[in-house]
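Asker: Sequence:
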Amino acid sequence: MDVNQPREMYPGMWRYPMNPEFCCIYRVPNRLREVNPEPYTPQLVLIGPLHHSVKSQALKALYLGDDITYTKSMAYLDMEEHKKTYLAEFAARIEGETTIDELRRMIKEEEETIRASYQESTAWIQSPEFVEMVLHDSVFIIEFILRFSGVVDKNGDPLLAGLSLGITVYYDLILLENQLPFFILEKLFNPIVTRIWPHLTFRDLIIIFFGFQGKIRRSSKFKHFTDLIRCVRVETLPNLDVWKSKSKPIKHMYNADKLDSGGVKFKAVGDELSLCVSFKNGCLKIPCLTVDDSLEMKLRNIMALEQCHYPNNARVCSYALFLDYLIDTDKDVDLLLEKGILKSWIRQPAKVAQMVNKLVTGIVDTGSYYHDIAGEVNEYYRNLVNRSKAILKRVYFGNPWTGTATIAATFLLVMTLIQTWASIVQVKENEP
1 MDVNQPREMY PGMWRYPMNP EFCCIYRVPN RLREVNPEPY TPQLVLIGPL HHSVKSQALK
61 ALYLGDDITY TKSMAYLDME EHKKTYLAEF AARIEGETTI DELRRMIKEE EETIRASYQE
121 STAWIQSPEF VEMVLHDSVF IIEFILRFSG VVDKNGDPLL AGLSLGITVY YDLILLENQL
181 PFFILEKLFN PIVTRIWPHL TFRDLIIIFF GFQGKIRRSS KFKHFTDLIR CVRVETLPNL
241 DVWKSKSKPI KHMYNADKLD SGGVKFKAVG DELSLCVSFK NGCLKIPCLT VDDSLEMKLR
301 NIMALEQCHY PNNARVCSYA LFLDYLIDTD KDVDLLLEKG ILKSWIRQPA KVAQMVNKLV
361 TGIVDTGSYY HDIAGEVNEY YRNLVNRSKA ILKRVYFGNP WTGTATIAAT FLLVMTLIQT
421 WASIVQVKEN EP
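Numbering (full-length UniProt numbering), first residue to last: 1 to 432.
These are computed hints drawn from the structure, not numbers from a lab.
Derived DEER-like restraints, expressed as beta-carbon distance ranges:
1) 97 / 337: 53 to 61 Å
2) 162 / 238: 40 to 48 Å
3) 201 / 155: 23 to 31 Å
4) 238 / 9: 43 to 51 Å
5) 191 / 236: 27 to 35 Å
No farther apart than 27 Å at their CA atoms in a straight line, the calculated lysine-lysine pairs in the DSSO-like style are these:
6) 215 / 285
7) 248 / 358
8) 72 / 351
9) 108 / 55
10) 215 / 298
11) 298 / 223
12) 280 / 343
13) 154 / 187
14) 223 / 55
15) 84 / 108
16) 298 / 285
17) 215 / 339
18) 298 / 251
19) 72 / 55
20) 221 / 298
21) 187 / 215
22) 339 / 258
23) 265 / 351
24) 343 / 215
25) 72 / 154
None of these values were measured; they are calculated from a predicted model. A virtual CB, placed ideally from N, CA and C, is assigned to each residue, including glycine.
Given these sequences and hints, build the entire structure.
Answerer: Rendered as structure tokens:
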């Protein structure tokens, strides 16, 4: 490293000063990445400048004769070639090289703003290389979404010949470090693609692509795809302005199994993207959450974005911390599965509990939307009357046979008392 060269000329160096108006794409903080790096790491395709240096590292390994056949490096290089194919086919569909030159010009005009969108300095990437990177990555994203969504014919495309590769790219496009600013994708798409499909906007296309139809307001603004998948969740919460002014971290909440033993009832409600939890009349209502192989990746990247960009409005982090209090062991998971609050594709409840507990490691909690709810739940559990009623119900009415026997025994006791009282009355009446 040349110590005389400006620090911004190396990959990974911070951009200083940052531009708060445009900065929205960050490298995941080490305290989060060290817990589990895989959910933050592209598996197949590299997008944008934060992983741009990885491409040259992969090429270097290939030129040195290293066997990278079964590594991510080989996948990255394959995808770089596929980007060129997509660019050529996209251009052929829309006025050829003239279109490519027009796209380059538009990117060059916005280069400064695109660079300012990243927390890290991109000064180490020379302008012509930066423009070409954004061009290839942007057109790849646009063309892939057009094909994936069925707008454009996908026959013969190895990425979409089966489910595996296409879904892998789909998930790679969600990762925080793998983003391009939404504004440049929209700017390149709308005037060019609408020449063929005049009623198709990029915003509408990606909302269909991610399956968010009817789940996001027309007025909603988002800065990139990671921000979009956060936005659809956050918009389900009411009274957000109230929360900003008085939220506090949760210091303690009993887990689901213990709350259940104390008489708290659980009920699944609402859309699975919802974060809206409520507690009333002893019933804790929680949206259904599907636990699959992609859930950790989605939540971790949203939470990393919140820690960097929305530290005082970290609503998904707040939700994850609430779940962490609720779920300690496989018993808690089993209970929430039974109540329909969790739907799990992971067959081992203990692994689900472990995933939830590790999810919040390294998260800085600045205040919880669920602080008041946690307090109400704890108070309900500590109420001796509520716990006694729950114990009575569990011990004597835990199953139909026990319940029937309890009722029969109670009836027999009452009848015996009545008979005894009647006998005493009769004896007294017969006395002289």
